[in-house]
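Residues per chain are reported as follows:
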Amino acid sequence: MTPALAILRRECLRLLRRSSQLVQPLIFFSLIAILFPFALGQQTELLRQTGPAAVWLSVLLATTLSLEDIFRSDFEDGSLEQCIITLDALPLACAMKSLAHWLTCLVPLIGMALLMSFVYDLTPDARRALISALLLGTPVFSLVGTVASALTVGVRGGALLMALLILPLYIPVLIFGASAVHHATLGLPTLGEHYFLAGLAVLAATLAPFATAAGLRARLS
Amino acid sequence: MADLPEFLGSAEPPCRWLRTIVANRGTDTELGANTAPLAPRLEVRGLECVRADSLVFSALSFTVQGGEILQILGANGSGKTSLLRILSGLSQPTEGEFSWRGKGTAKDLQAWQRELLYVGHVAGVTATLSVSENLRYALALSGRCARLSLPEAIARVGLPGYAAVLAGRLSAGQRQRVALARLLLIPAAVWLLDEPLTALDPSGKILLEAMLRQHAQVGGLALVVTHQTLDIPAPYLRSLQLVSPEPL
Amino acid sequence: MFKTLHKYASPMHFFALARALTPWLFGISLVLFGVGLVWGLFLAPADYQQGESFRIIYVHVPSAWLSMFAYLVMAGGGALSLVWKIKLGDVIARAAAPLGASFTALALVTGALWGKPMWGTWWVWDARLTSELLLLFLYLGYLALQSAIEDRRAAARAGAVLAVVGIVNIPIIHYSVVWWSTLHQPATITKMGAPTMATSMLIPLLIMAFAFQLFFLALLLVRARCEILEFEQRAQWVKTLLGASDQSRGTR
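Protein chains in written order, with our numbering: chain A, 42 to 262; chain B, -11 to 236; chain C, 4 to 255.
One chain only, chain A, in its complex shape (with noise of 0.2 Å):
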C-alpha cells in the first residue's frame, strides 16, 4: 500500500471507530440550524428565504468545531512526529488529512443539509443548489480548515483561536454559496456561483497541503 493510500485508510478508520466524533458534529449542526426559526418567527415564507442561510451558516459552525480533532489526537500520541519524520511528501499526507475529513465529517453533515432543506420548505431548485454549492464548497471548508488546525495544534484554547483564524477565511464560500441557492430561489441561473466555487475548491486543494505541511513543521519544531 502506498503511504497516500495507507494514511487516507487509517484516517478513515480512526474517525469512525470514535462514533461520537462522527455524530457530534450532526447533532450540533441540527440544533444550530433550527435554533433560526426561534429567532425569525415560523411564517414559512420568511423561513423558505431564509433558510439557505441557516443551513449554510449551520454547516460552517459545525465545521468550525470539528476542526480541532484533525490533528488533535495525532499530535498527543506522537503520530504526528512520527508523520514528519518519516514520510517524504508531507503535503500529500496533508491532503489525505483533508479529504478524510471531508468524507467523514462535511459528506454526512450535507445529507443533513438535505434533510434541512425539507424543514426549511424550500423549493427543488433551490435544495439542488444547496447540494451542488455545498458539494462545491465545503472541499474549501476541509482543506482551510486543515492549515487552521495544523496552525493551533497543541496550543490551549484551541477552539476559539481556530474560530478566529478560519471564520473571516471561510466567508468567500459562504457569499458564493449562500448567494447560489438564494438565486435558484428567485428562479436565476446560478452557474456563475458554483464556477467560482468551484475555483476556490481548485486554489485551494493545490495550495492548502503546503501551508499545512509548513504549519506542521513550524508547531512541531
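Honestly, the hints are just simulated from the structure, not real lab data. Note that CB positions come from ideal geometry on N, CA and C, so glycine has one too. Be a bit skeptical, because a hint or two may be false.
Stretch-level coverage of chain A by chain B, calculated; a stretch enters the list once three of its residues show a Cβ under 8 Å from a Cβ in chain B [what the hints assert, rightly or not]:
hint	region
1	55 to 66
2	126 to 139
3	200 to 212
Only pairs whose alpha carbons sit at most 20 Å apart, straight line, appear in this in silico SDA-like list of lysine to any residue [stated by the list, open to error]:
hint	chain 1	residue 1	chain 2	residue 2
4	C	Lys90	C	Trp183
5	C	Lys242	B	Thr51
6	C	Lys90	B	Thr82
7	C	Lys90	B	Leu78
8	B	Lys193	B	Ala40
9	B	Lys95	A	Leu131
10	C	Lys242	B	Leu78
11	C	Lys242	B	Asp41
12	C	Lys88	A	Leu261
13	B	Lys95	C	Lys88
14	B	Lys91	B	Thr51
15	C	Lys88	B	Leu97
16	C	Lys119	C	Met71
17	C	Lys88	A	Phe251
18	B	Lys95	C	Trp87
19	C	Lys90	C	Val181
20	C	Lys90	A	Leu261
21	C	Lys90	B	Gly77
If we take Cβ atoms under 8 Å as the criterion, some of the chain B residues that face chain C in the derived model are [to be verified]:
hint	residue
22	Gly34
23	Val38
24	Leu58
25	Glu183
Following the hints, put chains B and C in place on chain A, whose structure we already have.
Structure of chains B and C alone, referenced to chain A:
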C-alpha cells in the same frame, strides 16, 4: 561487511519498488554508482540549541559509528530530548550541523530521515487502531519492506494474541512494546530512542537490551536517552553526558 | 548574491541600520504631517457636496492604504522566513502586525465617523468598509496566534504560515465582498476617495499619505529593533550593547 543486512551496507533502500523510485531520481543512482557505499556514521559538529530564549546546550560535537549504542545522560533540562528532536529533523539547531554517511544533512534531510526510526516520549501508537493496524500503517508510511512478519514482530515484543486488540485498551508499557515492534519490523540503520524504558517492566528492559545488542551487532547505531544502566557489552556501548550550562 | 543579502539581513546589521534611519523617518514624517494637516484641514477648499466633513479623508484614506501595505509587509516578512530562512523576516512580520491592526482600526473608526454625516448612519455594508473589517479580523487572528504560542520563535514560524495564507486570501475575500455588496445593494452610495478629485484636494492627500507611510516605517523600525533585542538576547553584540547602556546609565 559480508554478513551485514543489505540496508546497512549501502544507502540503497532494500525494497524493490522503492529501488525503482530511487533509480528514477537520476542523481541518486549516479552518486550511488560512482561512490562506494559509505559506512553508517553520524557526525555532529558544534550543535547549539536554544529553547524559550535560554541556552540548552552549545558546541556539542560527537561521532557515532555503525555498531555503537550511544547512551545519552544528563540532568533534567540538559537537552537530551532536544538533541534527539534535532537529530530526527523535527526541530532545527540554532547553530551547527550534523552529517550522515559523510554528507551534511542540511541539504538532504530526507535521505537521513529515510534511514532512521524515532521513538519519542509518547509511543506514536494510535488508540483507535488495533496493534496490527498500527504496525501496518507505520510500515506503509515508511515505504520499506518488513524485516519479519507482523505476527512474528508482535510475538517478539511479548504481545502475542494482542494483534487485533485496540491499542487504546493496552497499558502504557504495552503501547511502548508496540513502538518497539516498529523497530523490529522496519529496517533502519539508526534508532533514536527517547526514554524508551519509562513504562517498561524488567522483562521489557531485557527485551530492549537484546534488541539494541542485535542492532549493534549487525552494524546499526542507536542513540538512547535513559538514566538506567543498560546491560550491553562495553565495545558496543558508549555514553554521552550532557551538562546544563550555568544559569545566568 | 544571497550571501550579500544574508549579510544585510543579519539582525546586527539591520539593527544598526534601523537605529540610524529612525530619527530621519520620524523627522520627515513630522514635517509632512504638519504641511499636510494644515493644507488639508485649512487651505484645501470644502467639498461642494460633503462640506467640511470630507476632510476626514486626510486621515481615513492614508490609514486604509497603510492597513493593506502593512499586511503586505507582514506576509513578505513571513515569506522571507519561510522560503529563504531569513530570521529578519520573523522580526519584521511580528513588528508589522500590531501596527497594521491599529491602522486598520483607525481606518474603520474614521470611516464610521465619515459615514455618519454622509449616509446618516455609522455603518453601511459598503464593500470597502466590510473588507477593511475582515482585514482587521485577519490581523486579530495573527495577533491571537502570536499570543497563544509562548515560544517567540515558534510563534513567529506559525505566524509566517498564517500571514502567507492570509495574503493569498485577501484578494479573494475582497473581490467576493465587492461582488456581494453590488449584488445586495443599490450602487448609489458615493464611493470613498472619488477618482475625480480636485488637484487642490489631492495634493494634501498625497502629502498625508507620504507622512503616514514614513511614520509607519519609523514605527516599524522601532518595533523591529525591540523584537531583534528579544530574539537575539543571547547574542554577544546584544549583551555588549545592553551592558554599555547599563553602564552609561550608572555613571549618570
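Hints the structure fails to honour: The structure breaks hints 3, 4, 5, 8, 10, 16, 19, 22, 24 and 25; every other hint is satisfied.
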